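Required output: the full structure, derived from the provided sequences and hints.
Line order of the protein sequences matches chains A and B. The opening residue of the first sequence carries number 2 in the working numbering; numbering runs sequentially from there. The opening residue of the second sequence carries number 140 in the working numbering; numbering runs sequentially from there.
Since the hints were derived computationally from the structure, they do not count as laboratory data. Quick caveat, the model's predicted, so the values are computed rather than measured. Glycine is no exception: its CB is placed at the ideal position from the N, C-alpha and C atoms. Among the clues, some could well be false.
[Stated by the list, open to error] One-sided and incomplete, this derived list gives chain A residues near chain B with beta-carbon spacing under 10 Å:
#1 A161
#2 A164
#3 G165
#4 C186
#5 L188
#6 V610
#7 G611
#8 D612
#9 L617
[Claimed, not checked] Derived Cβ-Cβ restraints for the label pairs, each shown as a range:
#10 G79/A to A224/B: 35 to 43 Å
#11 W75/A to V235/B: 42 to 50 Å
#12 F35/A to A144/B: 45 to 53 Å
#13 L623/A to S141/B: 24 to 32 Å
[Said to hold, decoys possible] Stretch-level coverage of chain B by chain A, calculated; a stretch enters the list once three of its residues show a Cβ under 8 Å from a Cβ in chain A:
#14 154-167
#15 171-183
#16 212-226
#17 241-247
Given next are the chains, with one letter for each unit.
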Amino acid sequence: MTGVNPFISTSAVIPASVVVPLAAAALMAGFSRFLPRRARDLIAIAVALATTTLTLILMAASAGHPMIYWFSGWRPAGGMVIGIDYAVGPLGAGMASLAGVLASAALVYCWRYFDSARGRHHTLVLIFLAASVDFCLTGDLFNLFVAFELVAVTAFALTAYNAGHPAPLQGAINFAVTNSLGGMCVLMGVGFLYARTGTLNLAQIGQALAGHHADGLVVVAFALLAGGFLVKAAVVPFHFWLPDAYGSAPIPVCVLFAGVMSELGLFAVIRIWDTVFSGLAGGPGPRMRAVLLGLGILTALVGAVMALAQVHLKRMLAFVTMSHLGIYLIGAGLLTPLGLAGASLLVIGDGLAKSALFLGVGVVQHQRASVSETKLRGRGRGLAVTGVTITLGALVLADLPPYVSAAGHGLLVDAADRAGLPWLEIVIALCVVSSSAAVLRAAGRIWLGWGPGESPGPQAGTADDPGEESQDEPDTAGTNGGGQETREPPSRPERIPLTMVLPPLALLAIGLGLGLTSGVEEHAAAAAAAFSDRTAYAAAVLGGHGASVPAADRIAVPPTSAGRVLTDLGQVLAALLVAAIALDRRAARLRRALAAATGWLRRLHSGLVGDQVTWLAAGLALLAALGAAALH
Amino acid sequence: MSVLAYGVVAWLFLIGLYGVVTSRNLVHMVVCVSVAQSATDVLLLEIGYRTGGHAPVFVSLPAHPGPAVDAVMQALALTDVVVGATVTALLLALVVQVHKRAGTLDPDALRATRE
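Encoded structure:
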C-alpha cells in the first residue's frame, strides 16, 4: 500500500511497530543474563520509546486514509482474501501509541522500583507492548484472538511477578482462570463466524454478513465474541477479577493494566461491531446501543460506588478504572463517531491520569511500606511532590479543564445530547465525581491528616471491614520482606528517586499538552468516523485502494462553550466537596449508613474464583439473550 | 456425526465450567480449565471437517483425491493447543507457589483478595 506521506516508507513502519518490541523481547529473554542491569533497563526503555515513535508515525500517516499491509504481499485476488492484513487507522494507531507511552513510563519507573529485576520483567512488558500494538492494528479476526491471548498470558505472569506473597498469586489465578475462559469464548465465536462466512478477515466477514438477517449462529457468535472481550474490559458482571489483579500486581504493571489492557477489550468489541455486525439487516444499531449503554451505565455506577468504599489505594484505583471503563462503553456504545471520539480522548486523558496516580501510590508504598489510606493518615510528610501529583491526577479525573479529559467529556456529552439521551450526562457526572472524590479523600487523609485514621471506631466507608487487614498485609510485607518488589528498605525516606517522581508528572504533562493542542477534538472525531465507517473500511481492505470520504468534513465538532467549562469546574468542586464530607468527623453517621447500604455489593466481591466464573457464565447467558433481542 | 460433535463441545465446555465453579482443589480446577479448553478444539475441528475428506497434505496425491478437510481450522486448533498448554503451565506454576506459601490448595481457604 502506498502511504500518503511520501517521506516515510510506511509499508516498513507497519510491521516494524510489532516486530521491534517482539524481537527485542526475544533477544532480551536469551541474552539478558550477559548484560548488566542498567544496560537491560536502557535497552528496554529505548525499545519502548522506539515503538511509541513508530506508532505515532502510523497515527499521523493513516489520518484520513486507512493503511493496509498484507503480510508477504498476499493481497486479495478478485475480492477474495487469501492473506492476513494489518488495517491501520488513526484510532487504532493512537491506542497503540498510548500503550507505548505508558510502557515507556513504567519502564523508566522500574529503574529504582525493583531491586533486582532479572530481565524477565522487561521481557514480559515488551511482549505485552508488542501484543497490544498487534491487537490495535490487525484486520484479521484470528490474529485478534492470538494478540488477545498473548496480552492475557503476559499479563497473568506480570500479575504474579511478586510471587512470594499470597495476594499476587491469588489475584493472578483469578485473573488467569476467568480471562482464559473469556479467551475460549472468543475462539468459539471466531469458529462460528468462519463456519458461516468461510473467512477470518474482518472486512470480508462483514461483507458476507451485510444485508442478511442474523440467525441463531450469528447471534451465538456475537454473544461469545462480545462476552469474551467484555471479560477483558471488566464490564459488569464480568469484572470480578479486576480488583484482585490490579490490587496485587506490581505498580508498573498496574499502569499497563489500567491504561491499556482493559481498554483493548472495549476496542475489540467496537471493532467487531463496526466491521462485522453493524451491516446486518433489520437495523440492529438502536437496539444494540441500548444493550451497550445499559452495560456501560451499570459498570460505571458499580465501579464508582466500590471506589468510594475502598481504603486499599490500589484496589480503589482498580475500581476507578472500572468506573471509567463503563463511561468509555457509554461513549462508544452510543455507536456514533462523536461518542467514540469522546470516549477515545477520555481513554487517553484518564489513562495518563490513572497511570500517574498508580505511580504516585507506588512512591508512597515504596517510602511508607503501606497502601492503606487509613494506616497512612498524616504520613505524607516528605512526599510533597507525590501529594501534588496525586491531587492533580484526581482533579483531572473530574475533568478539570484544559486537561484533555475535559475535551473528551465535552464530546461525549454532546454525542449523548444528539442521540436524545441528555440524562446520560448526569450518570457520567455522578461517576466521575465519585471516582475523583475517592482519590481526593485519600490524598486529604494522607497529606493533610484529615479524617479518622487507623484508630478504634468507625472509618469512612469501611466500618467493620474484615478484609482490609488481609488486603493490606501482603503489600506491607512485600515492601519489607524478601519479594522481588522493592526489596530495598526505605532507609533514606527523604530522598525519593527522580525516576519515580518524574514519570507521573510527565504523563500528566502529556495530557495537559494534548488538551491545549487546538483541533484535538477534530482529529479525534475524524479518527472515530474513519473507524466506524464499515463500507469505507471494507473498500480499503478488499478493493486495495478505498475511496475514503474525507471524514473530518462529515463531523461537526461543537465549540467549547463557557457553559461546558462551568460544568467541568462544577464537577471538580463537587468532587472536593464529597471528599471533604467523607473526611469530616461530623458526618460519621452518614458514612455508616452509606457503608451499610452498599455492604451487599461489597460482599458480592468475594474474591473467590468459583463465584467469579459463575457470574461469567450468567453474563454469557444474559449477553446471548440480549444479543438475540438486538440482532434479530 | 455432526450433531454428536456439537453435543460433545457443549458437554465439555459446560462440564469444565461446572468443575471450575465447584472445585475444592486448585490442581483440579486447572484441569477443569483444560477440559473446557478442549471443547474449543473439538469445535474447530468439527467446523473444518468434511465427510470423506482427506488430510490437508497436498503432495503425492492419488489421481482423484476428493475433498480435503479445512486446513485453516486445523491451524487454529493447533494454535489453540499451544495457548492452552501455556495457560495450563502458568496456572500450575502459580498453584505450586500457592501451596508453598499458603500450605493449602483449597480455593475457598484463600482469602488474600477478599473484599
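Evaluation of the provided hints:
1. The interface hint given for A161/A holds, since its Cβ lies 6 Å from the closest Cβ of chain B, which is under the 10 Å cut-off.
2. At a threshold of 10 Å, the smallest CB-CB gap from A164/A to chain B is about 5 Å, leaving the interface hint in force.
3. With a cut of 10 Å, the hint placing G165/A at the interface with chain B holds, because the nearest CB-to-CB distance is about 7 Å.
4. A hinted interface residue such as C186/A counts as satisfied when its beta carbon comes closer than 10 Å to some beta carbon of chain B; here the least separation is about 9 Å, so the hint holds.
5. The criterion of a C-beta within 10 Å of any C-beta in chain B is met by L188/A, whose closest approach is roughly 5 Å, and the hint holds.
6. With its C-beta approaching chain B no nearer than about 6 Å, V610/A sits inside the 10 Å limit, and its interface hint holds.
7. Checking G611/A against chain B: minimum C-beta separation of about 5 Å stays under 10 Å; hint holds.
8. Restraint check, D612/A versus chain B: the minimum CB separation of about 8 Å is within 10 Å; hint holds.
9. A cut of 10 Å between beta carbons decides the hint on L617/A: the least distance to chain B is about 8 Å, and the hint holds.
10. Range check, G79/A to A224/B: Cβ separation about 39 Å, and the 35 to 43 Å hint holds.
11. For the pair W75/A and V235/B, the beta carbons lie near 44 Å from each other, so the given range of 42 to 50 Å is met.
12. At about 51 Å, the beta-carbon gap between F35/A and A144/B stays in the expected band of 45 to 53 Å.
13. Hint check: L623/A to S141/B, Cβ distance near 28 Å, so the stated range 24 to 32 Å holds.
14. Proximity of the stretch 154-167 of chain B to chain A, defined as three or more residues with a beta carbon under 8 Å from a beta carbon of that chain, is established by the 6 residues found.
15. Under a criterion of three residues with beta carbons nearer than 8 Å to beta carbons of chain A, the stated coverage of the stretch 171-183 of chain B is upheld, 7 such residues being counted.
16. Evaluation of the coverage hint for the stretch 212-226 of chain B: fulfilled, as 7 residues show C-beta separations to chain A shorter than 8 Å, against a requirement of three.
17. With a threshold of 8 Å between beta carbons, the proposed coverage of the stretch 241-247 of chain B by chain A holds, since 3 of its residues qualify and at least three are required.
Hint check: no violations occur; every hint is consistent with the structure.
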